[in-house]
Amino acid sequence: MQGESSHSWGLAHHFDSFDQQREASNLGMWVFLVTEIMFFGGLFTAYVVYRSGQGAAFALGSHELDITLGAINTAVLIGSSLTMALAVWAAQTGRRKAIVGFILATILLGGVFLGIKVVEYSAKFEHHLVPGPNFHWNGPEAPGVEMFFNLYFLMTGLHAAHMVIGMGILLVVAILAWRGAFSPENHNLVEGIGLYWHFVDIVWIFLFPLLYLLGRNIQV
Amino acid sequence: MSETITPVRTYLVVFLALMVLTAITVAVAFFELGPLNDIAAMGIAITKACLVILYFMHVRHSSRLTKVVVVAGFLWLLFLIGFTMSDYLTRGMISMQGTIG
Amino acid sequence: MWKNVPFFPEQASTLAGEVDALYFTFLGISVFFGLLVAGLVVFFAIRFRRRSEDEIGRPEKAGIWLEIIWSVIPLAILLAMFAWGAKVYVQAFRPPGNAIEYFVTAKQWMWKFQHPQGNREINNLHVPLGQPIRLTMTSEDVIHSFFVPAFRVKADVLPGRYTTVWFEASKVGTFHLFCAEYCGAEHSMMGGSIIVMEPADYEMWLAGRDSGPSVIASGEELFKLKACNTCHRSDSATLAPILHGVFGEEVEFEGGGTQIVDENYLRESIMNPTAKLVKGYKPLMPTYKGQMTEDEVLQLIGYIKSLASDAKEDHGAVSDSSSPDPVPDEG
Amino acid sequence: MSVTVTTPARRKNYLNADYGIKSWLLTQDHKRIAILYLVSITFFFVLGGVMAALIRVELATPLGDMVEPDTYNRLFTAHGVVMVFLFLIPSIPAVLGNFLIPLMIGAKDLAFPKLNLGSWYVYNLGAILMVAALLRGGTDTGWTFYTPYSSTFADSEVILTALGAFVVGFSSIMTGLNFIVTIHRMRAPGLTWFRLPLFVWAHYGTSLIQILGTPVVAIAILLVAAERLLHIGIFDPALGGDPVLFQHLFWFYSHPAVYIMILPSMGVISELITAFSRKRIFGYKFVAFSSLAIAVLGFLVWGHHLFVSSQSIYAGLIFSVLSMLVAVPSAVKVFNWTATLYQGSISWQTPMIYALGFIGLFVVGGLTGTMLATLGIDMHVHDTYFVVAHFHYIMVGGAIMGYLGGLHFWWPKITGRLYSVFWSKISAGLIFVGFNLTFFPQFLLGYMGMPRRYHSYPEEFQILNVLSSAGATILGLGYLLPLIYFTWSMRYGERASDNPWGAYGLEWETSSPPPTLNFDEPPVVTTEAYDYLAMRDKKTAA
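Heads up: the sequence lines are chains A, B, C and D, in that order. Just remember that this note's numbering sits 5 ahead of the position in the first sequence, which is counted from 1. Just remember that this note's numbering sits 43 ahead of the position in the second sequence, which is counted from 1. Just remember that this note's numbering sits 6 ahead of the position in the third sequence, which is counted from 1. Just remember that this note's numbering sits 224 ahead of the position in the fourth sequence, which is counted from 1.
Keep in mind that a hint or two might mislead.
Think about it this way: if two alpha-carbon atoms lie no more than 30 Å apart in a straight line, the pair counts; the simulated DSS-like pairs of lysine-lysine are [as the list claims (entries may be wrong)]:
1. K118/C with K232/C
2. K295/C with K129/A
3. K177/C with K118/C
4. K338/D with K246/D
5. K177/C with K232/C
6. K230/C with K282/C
7. K285/C with K113/C
8. K230/C with K285/C
9. K246/D with K509/D
10. K113/C with K232/C
11. K338/D with K67/C
12. K649/D with K67/C
13. K509/D with K110/B
14. K246/D with K763/D
15. K129/A with K67/C
16. K110/B with K246/D
17. K282/C with K295/C
18. K129/A with K113/C
19. K230/C with K288/C
20. K763/D with K236/D
21. K232/C with K285/C
22. K67/C with K509/D
23. K295/C with K285/C
Think of the hints as simulated: they come from the structure by calculation, not from any bench.
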């Protein structure tokens with residue numbers, strides 16, 4: 006334990022040691038992620054409720070989604086999770102340039118994901134599958150299909166918003182890392198944003214099967 | 044208490060496992076397995092999420108408190124979905140036309 | 007029984023007495039425990055008041071038995087109250103088999119009623135004494151709530167769905183009808199009266215007004231007008247299921263799943279026919295969403311329900327344990 | 225009063241450490257942030273109170289002849305939104321909890337001081353959105369935002385108010401997160417979980433609800449806004465959506481939110497009862513765990529708001545029985561408080577009067593709550609004044625009594641000043657009497673069948689409504705007095721000693737007001753909670 010006088014750079018005044026500070030920061034991030042689980046949880050609940058009532062319509066809706074692009078995006082996002090984990094590893098082992106490199110790679114992969122998402126969204130736009138007054142569906146089950154696309158856009162939109170925020174923070178962290186702000190004792194920021202990024206990945210791990218895959222087996 | 048550093052090799056193995064699971068889940072989706080389709084898709088998603096949580100997010104080597112926090116988060120999500128569905132799945136189960144004895 | 011209690015609502019239904027008995031029992035228990043705690047608090051606060059400045063309290067050993075006693079006793083009482091309350095509640099939402107069905111359509115800010123004989127009323131509803139009456143209710147806009155304090159019944163009225171409540175009036179008179187779910191600017195004006203009459207008076211009241219066609223007759227008319235009868239025939243099930251006797255039966259869906267045919271299922275099948283396709287049929291039926299008023303949908307459903315009982319009369323053997331309640335005699 | 229004024233003249237403390245507006249607006253000191261919150265929530269309490277006064281004036285006559293129905297609807301919505309989101313939820317946690325938790329656990333600050341300051345700014349941002357909505361004509365959906373009225377039919381500032389509630393929710397999450405991490409990671413050496421003051425336990429339970437529940441209501445009202453703004457209808461019956469799903473999501477948070485209001489208050493009462501009985505609380509562990517039990521079970525009972533909303537009968541049965549279970553830990557607390565009084569050394573100081581009043585009012589609120597959880601009774605009294613009376617007994621009779629009791633108890637610690645004993649007792653009496661006169665008649669009104677949110681009503685309800693309005697006048701006067709004498713005491717009050725009540729607790733061991741870093745020497749805890757015997761022995765030894 007360090008006393009008041011021996012406070013070193015990066016240790017806030019109200020903590021006694023780096024260990025205490027790191028544990029607090031880590032716990033804080035996890036508690037925040039729990040609130041994120043519940044935040045997305047409201048939408049997942051809506052999805053489960055409506056799918057249980059209108060499975061056929063949801064199957065029709067999922068057939069409209071591009072499974073190839075969805076699968077590629079899943080791979081891209083998991084890849085970005087890997088580079089993020091490696092960035093944290095680099096911080097733990099004190100490799101300054103490697104931190105920057107892995108974070109930039111993470112941002113890049115995130116960008117690819119969002120780019121593909123834009124392609125998907127614009128295809129939906131052309132097919133009048135974007136919710137709102139322009140929504141148009143020729144086949145059966147029009148109300149249920151529209152509900153599916155409402156949920157699709159809200160869920161993937163909220164997810165994409167989380168990615169954009171994450172990429173912004175990652176950029177700041179990369180700059181800080183370049184300036185040498187992190188050390189093996191003190192890299193809570195890298196670890197925190199890492200946890201956040203993995204969480205965003207996990208949300209997608211569930212969104213992909215729920216939106217793209219379930220109901221695929223049903224012939225329509 | 045200091046951090047446990049996960050070796051790079053572990054990260055790569057986990058990444059490969061996640062890729063394989065993704066491929067499996069996509070492939071399975073096209074076969075008609077009845078209710079097993081949904082179970083497989085969700086089972087694989089949960090497995091993938093667990094891998095990410097345990098290895099990428101270091102929960103495997105984290106304190107008991109962190110583990111409790113993670114479990115509590117998903118438990119509460121289950122409360123939300125489960126108790127809401129307790130309404131939707133049982134609507135109309137006590138028949139409104141029943142006679143009282 | 008509770009006539010002389012001030013600030014107490016009239017009891018005008020068979021249910022009212024049951025709700026009140028439950029309420030007063032629970033109130034008695036509450037008053038007992040409330041006074042017990044308040045009495046002890048006041049007594050201790052006076053008896054053990056501080057006598058000198060540096061006095062401190064005398065700590066006692068933890069009383070595990072006390073903790074158990076004052077956890078278990080309240081729990082037991084509460085569970086008993088739960089059971090009693092549940093019994094009354096289930097009763098209130100399960101109409102007896104001989105209940106006559108009235109239709110209710112709520113909208114901002116009025117109540118529209120239709121008697122089975124066809125009479126329509128707005129904001130007032132005349133009903134006969136001593137006859138179980140079942141209301142099938144829906145809303146044209148937001149959520150409303152049908153509330154008659156003298157009957158002790160309340161049920162929300164939702165857009166896009168049917169909800170049900172029933173009562174049997176036990177007292178002649180005029181009773182308040184309120185909307186209990188906030189529904190906008192004129193929420194507090196969305197009320198009216200339930201007028202309970204002697205059955206003979208009720209018959210006279212009905213006879214004295216031009217009732218128009220009965221619900222079933224209107225429904226039958228619509229059935230032809232909307233060309234339902236081109237596919238839903240009584241003699242052939244090739245294009246669409248035969249509707250005779252279908253109400254209250256279990257149907258099996260294309261792609262799995264079953265459901266007992268009730269009002270909500272019929273409504274869904276009219277509004278969104280392909281959502282739950284009966285096994286063996288193609289999605290041919292067009293939607294009737296936006297092409298009929300809520301009142302008309304209710305009449306159509308009333309007609310389809312009447313087909314159920316016709317079928318029973320015709321074939322005699324259709325009915326089993328899950329058979330629907332008989333539709334009121336139209337006279 | 226047993227107060228000896230021995231404080232040295234001008235000791236450095238958190239109040240005089242620095243001056244100027246910047247030193248307040250950019251402070252990271254939890255004590256100063258608590259004061260900032262105090263100022264904000266007092267403003268909104270007054271604002272919400274004015275709305276309540278207007279409502280009561282309107283309801284004094286059955287005709288609804290003072291304001292238009294539409295205005296009335298906007299008034300009760302504003303009253304609900306302001307009181308719930310801007311006053312009750314932040315009241316005890318953000319003011320007393322913020323000030324006291326680090327002191328009580330012997331820490332220098334909360335774990336995330338910047339986040340703490342940020343939460344105050346986020347709170348004010350949300351509040352500004354809500355006030356903007358009010359200035360643009362207000363919202364008329366009720367604080368519950370029920371769909372499809374809120375999403376499609378209401379023609380008022382729903383989006384601004386909903387966004388305001390959404391933003392304020394994040395401030396609440398930030399506070400809860402900060403408390404959880406602080407209580408886990410920042411406790412002084414020797415301060416084990418079972419030595420924590422019960423106030424801290426109660427806030428731990430509260431924080432759990434804040435972080436687990438708030439996000440769900442956030443997404444629910446975001447969906448309402450999306451439906452209004454972008455026509456993405458999740459609750460729209462035309463798309464096969466179910467308006468009742470909104471009620472599920474809303475009450476998943478908003479029922480536990482009632483415990484966000486009452487749990488901290490229960491924590492305050494536990495402190496007051498022990499301090500003014502000078503005795504260890506009876507059944508410490510039971511009281512501590514009952515806070516957690518309430519927090520957890522509180523999440524499983526939300527469906528009792530939907531008994532007549534077309535929810536399935538089975539779900540109704542499940543939620544009813546679970547609601548009965550959550551009453552048990554509340555009862556356990558009440559019985560333990562009562563048992564603590566036995567053989568105590570009870571001092572009738574102002575905070576204790578609030579505490580004893582709290583017990584009485586909470587018992588009424590709690591028992592009527594179990595009646596509402598009984599299916600057969602709720603069917604009749606749901607959405608009537610019975611419900612209004614019940615939740616005001618919990619929120620006003622419970623939460624605000626606890627808040628005011630706590631404020632009177634810790635005021636000398638917060639400001640270093642004493643307030644008028646005479647006027648504070650008068651005010652406590654007025655509040656108790658005025659409160660009962662206002663809200664007791666509403667139970668009768670409810671059972672008679674008067675629905676809530678009614679702007680005009682049948683004549684037979686008038687006598688009780690007039691009584692209620694008369695009581696509200698007394699209640700308003702009772703609330704006005706503390707505003708005056710507290711303000712007065714900040715400048716002219718007698719200086720307080722470090723421990724004016726002779727109470728047990730780390731917060732009483734530091735000076736009044738405390739120094740910026742809370743303690744001159746980092747405290748080490750060696751005794752159990754509320755160990756008045758050890759405290760006396762130590763004093764005698766010294």
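Cross-check of the supplied hints:
no. : hint               : in the structure
1   : K118/C with K232/C : holds, 23 Å
2   : K295/C with K129/A : holds, 26 Å
3   : K177/C with K118/C : holds, 23 Å
4   : K338/D with K246/D : holds, 15 Å
5   : K177/C with K232/C : violated, 42 Å
6   : K230/C with K282/C : holds, 23 Å
7   : K285/C with K113/C : violated, 36 Å
8   : K230/C with K285/C : holds, 25 Å
9   : K246/D with K509/D : violated, 44 Å
10  : K113/C with K232/C : holds, 25 Å
11  : K338/D with K67/C  : violated, 44 Å
12  : K649/D with K67/C  : violated, 33 Å
13  : K509/D with K110/B : holds, 24 Å
14  : K246/D with K763/D : violated, 41 Å
15  : K129/A with K67/C  : violated, 71 Å
16  : K110/B with K246/D : violated, 41 Å
17  : K282/C with K295/C : holds, 15 Å
18  : K129/A with K113/C : violated, 37 Å
19  : K230/C with K288/C : holds, 22 Å
20  : K763/D with K236/D : holds, 25 Å
21  : K232/C with K285/C : holds, 24 Å
22  : K67/C with K509/D  : holds, 13 Å
23  : K295/C with K285/C : holds, 23 Å
In terms of the numbered hints stated before, the structure departs from hints 5, 7, 9, 11, 12, 14, 15, 16, 18, listed from lowest to highest.
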